[in-house]
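Asker: Chains as they are written, first to last, in the working numbering: chain A, 1 to 335; chain B, 1 to 335; chain C, 1 to 335; chain D, 1 to 335.
Just so you know, not all the hints are guaranteed correct.
It does not matter which identical chain is used: a pair holds within one copy or between any two.
No more than 30 Å apart at the CA atoms, straight line, and that leaves these computed lysine-lysine pairs for DSS-like [unchecked claim]: (1) 235 to 131; (2) 326 to 316; (3) 50 to 235; (4) 225 to 259; (5) 259 to 326.
The hints are simulated quantities; they were obtained by calculation from the structure and are not laboratory data.
4 protein chains.
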Amino acid sequence: MIRMGVVGYGYWGPNLVRNFTACADTTVVAVCDSRDAQLNKMSALYPSVKACKEYSCLLEDPSIDAIAIATAVDSHFALALQAIEAGKHIWVEKPFTATVDQGRKLLDEAAKRKLVVHVDHTFLYTAAVRKIRELVESGSLGELYYFDSVRVNLGLFQHDVNVLWDLAVHDLAIMEYILGCSPVEISATGASHVQGQPEDVANMTCFFERGLMAHFHVNWLAPVKIRQTLIGGSKKMIVYDDIVASEKVKVYDKGISVKTTDDIYKLLVQYRSGDVWIPALATTEALLAEAAHFADCVEHGAKPVSGGESGLNVVKILEAATKSLKLRGSPVKIG
Amino acid sequence: MIRMGVVGYGYWGPNLVRNFTACADTTVVAVCDSRDAQLNKMSALYPSVKACKEYSCLLEDPSIDAIAIATAVDSHFALALQAIEAGKHIWVEKPFTATVDQGRKLLDEAAKRKLVVHVDHTFLYTAAVRKIRELVESGSLGELYYFDSVRVNLGLFQHDVNVLWDLAVHDLAIMEYILGCSPVEISATGASHVQGQPEDVANMTCFFERGLMAHFHVNWLAPVKIRQTLIGGSKKMIVYDDIVASEKVKVYDKGISVKTTDDIYKLLVQYRSGDVWIPALATTEALLAEAAHFADCVEHGAKPVSGGESGLNVVKILEAATKSLKLRGSPVKIG
Amino acid sequence: MIRMGVVGYGYWGPNLVRNFTACADTTVVAVCDSRDAQLNKMSALYPSVKACKEYSCLLEDPSIDAIAIATAVDSHFALALQAIEAGKHIWVEKPFTATVDQGRKLLDEAAKRKLVVHVDHTFLYTAAVRKIRELVESGSLGELYYFDSVRVNLGLFQHDVNVLWDLAVHDLAIMEYILGCSPVEISATGASHVQGQPEDVANMTCFFERGLMAHFHVNWLAPVKIRQTLIGGSKKMIVYDDIVASEKVKVYDKGISVKTTDDIYKLLVQYRSGDVWIPALATTEALLAEAAHFADCVEHGAKPVSGGESGLNVVKILEAATKSLKLRGSPVKIG
Amino acid sequence: MIRMGVVGYGYWGPNLVRNFTACADTTVVAVCDSRDAQLNKMSALYPSVKACKEYSCLLEDPSIDAIAIATAVDSHFALALQAIEAGKHIWVEKPFTATVDQGRKLLDEAAKRKLVVHVDHTFLYTAAVRKIRELVESGSLGELYYFDSVRVNLGLFQHDVNVLWDLAVHDLAIMEYILGCSPVEISATGASHVQGQPEDVANMTCFFERGLMAHFHVNWLAPVKIRQTLIGGSKKMIVYDDIVASEKVKVYDKGISVKTTDDIYKLLVQYRSGDVWIPALATTEALLAEAAHFADCVEHGAKPVSGGESGLNVVKILEAATKSLKLRGSPVKIG
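Required output: the full structure, derived from the provided sequences and hints.
Answerer: Shown next as structure tokens:
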């Protein structure tokens, strides 16, 4: 049983407390938030959990094994570093850190102390994404051609980060998890429509070493909610629609085959259009599965599915994309 | 009654002949194609139309008022120039020409002879696109924020042009028509998955002088057919879905309003989510309306909705996009 | 503040306890269930609520104003009667009672004691159904032609009642509420596919005094979930789809107009196909609004939207339908 | 090569002429219609086809092998009988005849002369319906539970027949073809909303000898177009949606399994929810395939897929349904 402290009881914190409570392998000891109103809400639902206004209250409690950080991005680094220095395992909300340097520093410090760094990329624990990874890993899609994602809605404006850090962060984590490889160069474009605010519409292309290309379109100002990813391979193609209640993952036996003809300048491109298959998916709650996985990492040394390294990879891409965005699409290499 | 010659009876030519025949203001005098099989198909359906293998047959027929060119893009320039020099009005399939220079030359030569140059951007004659333009022009969307288009399917590979020239060409013409203004800079990325062939997946951002940004995603290798455009404004937003049989245009009374608070660093972004309105659309065939409009331009000097100038604007964007594509997204100015 | 006792903590009871707790005008004093496991679950979430295995515990508690009955249908009558006799107001799950006679008896006994009888037809408290009623009442649909409902899914088999009592009960309550009038005759058909079990697929037609006709199709064995109602009028028509996350109610400006011609035997039926309008709907939780409304009825004598009379009307239709079902569709009058 | 005469060049006749012309095994010799305007339209498109105002022109032409009858239902019998008496094979539009007696008489007369009687139930020649029949025949659905069909839209009012004869006729033909068995009793209800006109909304239940039940809902006054059929079996279930452009047939590995427990009064109903499979379908035009099949029947004695017998079965059901409709749902046996 892992004993958790949670800092930040705003938008996502309540979901963490609920799931750490529901999970058989974790329990919540204390919650920290600077706002009385938020602490009162928490106490009403969980009278036995300690409510504290000072972060030191979590850091200094020797009964706490791990701290979950659910605050604004720019505070992740300081809070996580203190937790690590206090010998606590950490669970950090996405995006992991505000800069690549911060992420590297946290990984170094945690490694020294053999502490687990877990980044809460919840989508990696959904049945849909797990099934897609399984299909890609098994080779049934053939050679991968593209990963193309759209995530738009009339969304919560963030004042500190652009829309890539808020929305594309999900799809980047999914991409890294499914493809098992990282891009080498990024081109991004975007625009802001509220003076003095970060970009609210953005597009990003990730170039890989081979022909594979990924593209992400995100928008906080869309009238409809779309969460759709197309993954194309030489043998099969996948459409992943996260909006629909069922039939989220469809596998298309479609594609092209290229034949050379006698005349070497004339390629014959043929289309193949076969059956569609919609695999049944388990209906477990992702965050609950993630909590159990985190406990397993802390207690038994399991390798984190969304550990600090993968969280850092996502930050690397977001940092490069933000640079490219300022350069109106000029490509930026990932260091 | 405008008397038409048609050159090219492959994929699109039959639609032209059918509609020029059905239209009360146009008639087809002769069709030219180098392939016997195609001419035979034509003759079986239209026994009274002259079938010719030589283009001169159209050029030299004094009874022909106008020539419609429905051949591969790289032949547009030569065929159109000959037609203009023979004193014929021209109807050219999209994209207008393979280069900006070619397009300029044709416009100059036609202007000297006061001949009509019409580019077949058929979508501009659909009830859906006309309704959207009407809404944008009336100001009911408020200030325009973005134009975002996706056009993907398992498509016909073109061997001579990349997927932008084949698919985005439609959306660019729609964008120019709806917005009434042109972009100043382009960033594009893409990838090819068949060796030696042009890019089959591509993305393009168009920057405008103000905050407006347009984005286009096109793909010849998608397992599903998507033809969707989102247009966001400060007052209203439009979703245009060309796949559905009815309810193609939806107008959302949604958006944000930004208020400054006492603390000037804190903007209050508020969301507005009102009714949706789906205007009834006429069901006339676009190509038939376009044929009548062309006749009106030739006979009565009406200003072409999709004249050579707008066709050239689209080619300018495609040319810049193709340059940017080779530069992995680096922005390219439109001269 | 109305003090509630709740009997039955199985499938629906937990929702009641959660909402009576969340509602500012109600509170839960005690919950009764014969199963220890269920009481333990309740106590874990609501440590301050009394858990009792005996119903008398609720009946004899003078601090309890009203009892909510969330048990199997065939126990509603006995539990409700005891509650009324103990001077408690009642909130009864749907369907109200297993027979018309039981329902009448409860209404009589409650009337004698001036107690509120509320039947939990939750759909009547949704923004979608309220908006539809408002539109129908305002006359904007014109003369009503039909009410046509489909409610199917792979559902929870009930062993004691047929699928009409489980699924059509919702649509009948919605119909009564929207139309404000009751049918006079019923024809129903159905079939059972598990030996010894009630009908799992059924269809029901409700005849009204005028041309209006209502039809209901319900199915526990459907591979997909459909919850769709079409309401046709002479001026406008409504499609209500409860599955979609947004845009649940669409109002179609469609219909026919009938003109007599000189030849009286030749009617000219003309079609009208205008705009579609999707009204914005509030997003409040229906059950919470219903709890507040119940408190208002008990405390201030408000007229129940889903009172015992309307609950009884639904039972009358279900009883007649079950008779017709045994007669393979022969019409049965509502007494 | 079968030489066809076609009588009736209104709504459907042009489709017949086009497909009999396109089919390699049939050709159109002459078309008969009493209206000059219709004959002129035909002649403009098919100058070599004889246009005649008198039916005798078809009957007396010895070069004509078969006559296709595409006129109003109440004229089918007289025209078909004359054709048979003139020794012509017949192709009759649906519904076959206006009464069962008429259909029987035609079958008798045709049998005497060994002439083919083909009823144009076009849906039986679509790839979707053929695939469903194949699946049902192979036993992969298990024991059949229900066939449930909805066919509604804002439709063409027929003045001579009710909406069952116009819309349900399609679904009845599909049902007969797929199930390979006929119902024994019918219950139907309906309503008319235009004075003096036949029912424009109707519902029909077909009872079979076993537990199988079929239901049909049809409506000429619906604001949206729905063409959906659910077919449930003990092993698998099918959803057939004819509106969507692709993915028309979905096969669900869903269902229930029933286990008896020690307590014989307690059945344990378990749900199974597996994968969905969408078979690829050929894209041939149904009417063209049907024309070739008809030629095969006439020339080589192939057994008609939609011969007079199956056409008559459909008329039997429609006749019984119309009786039941007048009796407000009372069941009517099929003689």
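Asker: Among all the numbered hints in the text so far, which are the ones the structure does not match?
Answerer: Violated hint: only 3; rest satisfied.
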